[in-house]
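A.B. asks: Residues per chain, in single letters:
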Amino acid sequence: MQMAGETMNGDVVMREQLSAFADGELVSAQCAQAMEFADSDEGRASWHEFHLIGDVLRSSELARPASCDLVSRLREQLAKEAGAAQLQRGETVQIVVQQAEQIVVRPAAAAVGISPRADGGTEAVEAANHDVFRWKMVAGFASLAAVATIGWNAYTGLSGGAASQPGMQLAAAPVSVESSVGANVGSAATAVAVNVPVQVSNGQQGIMIRDPRLDELLAAHKQYGSTSALQMPAGFLRNATFEAPAR
Amino acid sequence: MQSAARIIHWITRWQTVASISARGWCLSALCILQMGAVAQAASAGEDHGCSMPTYSAEQLKKLDVYGWIERMRHATELQTYSGTFVVMSSSGVMSSSRVWHVCKKNSQIERIEALSGTPRIVYRQNADVRTFTPQERVVRVESREMPSRLPRAQGIDARSLAEHYVAQLNGQERIAGREADVLQLRPSDALRFGHRIWLDHQTGLVLKWQTIAPSGRVLEQAAFSDLTLSTPVSGEQIAAMMNDVVGYRVIRERRWPSTLESSGWQLPIPVGGFVLLNCAQKEKMATQPPRTAKVQCVYSDGLTSISVFIEPYREDRHPYDGQELRLGATHTLSARVAGDGWATMVGEVPLATLRLFASAIKQTSY
Numbered sequence: 001m002q003m004a005g006e007t008m009n010g011d012v013v014m015r016e017q018l019s020a021f022a023d024g025e026l027v028s029a030q031c032a033q034a035m036e037f038a039d040s041d042e043g044r045a046s047w048h049e050f051h052l053i054g055d056v057l058r059s060s061e062l063a064r065p066a067s068c069d070l071v072s073r074l075r076e077q078l079a080k081e082a083g084a085a086q087l088q089r090g091e092t093v094q095i096v097v098q099q100a101e102q103i104v105v106r107p108a109a110a111a112v113g114i115s116p117r118a119d120g121g122t123e124a125v126e127a128a129n130h131d132v133f134r135w136k137m138v139a140g141f142a143s144l145a146a147v148a149t150i151g152w153n154a155y156t157g158l159s160g161g162a163a164s165q166p167g168m169q170l171a172a173a174p175v176s177v178e179s180s181v182g183a184n185v186g187s188a189a190t191a192v193a194v195n196v197p198v199q200v201s202n203g204q205q206g207i208m209i210r211d212p213r214l215d216e217l218l219a220a221h222k223q224y225g226s227t228s229a230l231q232m233p234a235g236f237l238r239n240a241t242f243e244a245p246a247r
Numbered sequence: 001m002q003s004a005a006r007i008i009h010w011i012t013r014w015q016t017v018a019s020i021s022a023r024g025w026c027l028s029a030l031c032i033l034q035m036g037a038v039a040q041a042a043s044a045g046e047d048h049g050c051s052m053p054t055y056s057a058e059q060l061k062k063l064d065v066y067g068w069i070e071r072m073r074h075a076t077e078l079q080t081y082s083g084t085f086v087v088m089s090s091s092g093v094m095s096s097s098r099v100w101h102v103c104k105k106n107s108q109i110e111r112i113e114a115l116s117g118t119p120r121i122v123y124r125q126n127a128d129v130r131t132f133t134p135q136e137r138v139v140r141v142e143s144r145e146m147p148s149r150l151p152r153a154q155g156i157d158a159r160s161l162a163e164h165y166v167a168q169l170n171g172q173e174r175i176a177g178r179e180a181d182v183l184q185l186r187p188s189d190a191l192r193f194g195h196r197i198w199l200d201h202q203t204g205l206v207l208k209w210q211t212i213a214p215s216g217r218v219l220e221q222a223a224f225s226d227l228t229l230s231t232p233v234s235g236e237q238i239a240a241m242m243n244d245v246v247g248y249r250v251i252r253e254r255r256w257p258s259t260l261e262s263s264g265w266q267l268p269i270p271v272g273g274f275v276l277l278n279c280a281q282k283e284k285m286a287t288q289p290p291r292t293a294k295v296q297c298v299y300s301d302g303l304t305s306i307s308v309f310i311e312p313y314r315e316d317r318h319p320y321d322g323q324e325l326r327l328g329a330t331h332t333l334s335a336r337v338a339g340d341g342w343a344t345m346v347g348e349v350p351l352a353t354l355r356l357f358a359s360a361i362k363q364t365s366y
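Residue numbers (our numbering), protein chains in the order written: chain A, 1 to 247; chain B, 1 to 366.
Rather than coming from a laboratory, the hints here were simulated on the basis of the structure. Where a beta carbon is used, it is the ideal one built from N, C-alpha and C, also for glycine.
Some, not all, of what chain B presents toward chain A, calculated at C-beta under 7 Å:
1) Q296
2) S307
3) F309
4) T344
5) V346
Partner residues aside, some chain B positions facing chain A, computed with beta carbon under 8 Å:
6) R144
7) A280
8) V298
9) T332
Kindly generate the complete structure, drawing on both the sequences and the hints.
C.D. replies: Take a look at the structure:
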């Protein structure tokens, strides 16, 4: 919608009004103005544009893929920009020979950034700090740490050594400890012969692997346990409706 | 109901007065039939047994917790309605289902179709429940306790409920196209959750339900997004759908009543207001050594319930560290208890309450 010149403010407003008019959203008082604008040259061009856009969006057969030379031009431009970024850094310290580095670095580069190309492929675009070895180390350690964290969470979350079944479910948030209640009751409770780790979260949606046996017990509770009268309307219905996500 | 009872009363009196000759009995039987027909014509299409008591505005203000629960329960059982029921938990999980409920001549039939997640249709006719899973082509047949038996369980009455919850009417709001009274049920201690319930003003049906933590946070919300006081199909058609098991594998799930003591454990209830409702186990063996059975016991305080699942501890199945989870308003706690038992507690109560229950489990002393 870029229009040249400073006098185009009014025209931008008019184009917007015309667009609203084309969508049928314009209040009647503004219709007259929009009609006037439509009569002008720019108005007619805008009108044609809006309807073309609408038609293309609404029917897929009208949309034709971008022409080949656009794609190749885009590739060239991207290559130029990548090269320019490296030069600008001015920090490129080559520790080892380029070819050898490529092999070592591929996974790290992949971790740092893979961007889809215009043609839909996923060839790795070289990161700006590609040549700086220390950043590759950092990236490598970061990905290793991430994997370790996820693995640890999965290990602690997976109770009972439940075998990985194809239908492994996602659980909702782990427990958020109601700290005030815990403090009050903790002192009152006698020595609990129970060693239970509490997973504290802020109630955000955490993804955990849930024990399928626990699923069964939950279902049994909903069916046979929620029979107190108050629960009956909501509980029985809740039984039928409550589902873990991504089942 | 009153007039029919009176009619029958007079007829029986008349019967005893009349001679005990055959003709006398025949006449009286004919009379009963005629009276019955008259009574039915008088009620003009209203199904006896499905008619609900009506409350005036003053009566509503005077209801206590027990009274509100009764009203809710009556409406849920005796009203005919259909709608879409949506449950949302604070963690963002949302699921919805389509509900049809028909009450006719004191028998209820309902159909609940899960609209989210695995396709599942649950039919219930009185105590007979059938769960259809179309993807697996399996039907699970089981029987559940009729809701009308609770909370008349021993120990749960108006007094105990009033001791632990305070009821307060908080005005009116519009939900699912109907006028609703807003009822706040505040717990008297931090071992229970509070509830905010929107009840249809006209019928007493639960339109929206919020379970609230002691901190005031809404843990779970269940509501009808739309509701009509009729069903798209009749009760007989729902019964026909329920009986159509062609092509399905039928699994009968049996449960046997049981007691904790007979299984080798005991649980003196640590939290006031909760009483034991029942215990059951899925597998029944003629003789079983103590602490080898898997038992589910349900405790309730009239408003909310806790299920305690106890089974023998096995190192390969149970990690020594148990776990605690919250799903919406439901907390679960699994832990090793009483030496060689493994308990899993599930309930719509704060975690502290579950911990109290877990630490109260003991082995029975022989």
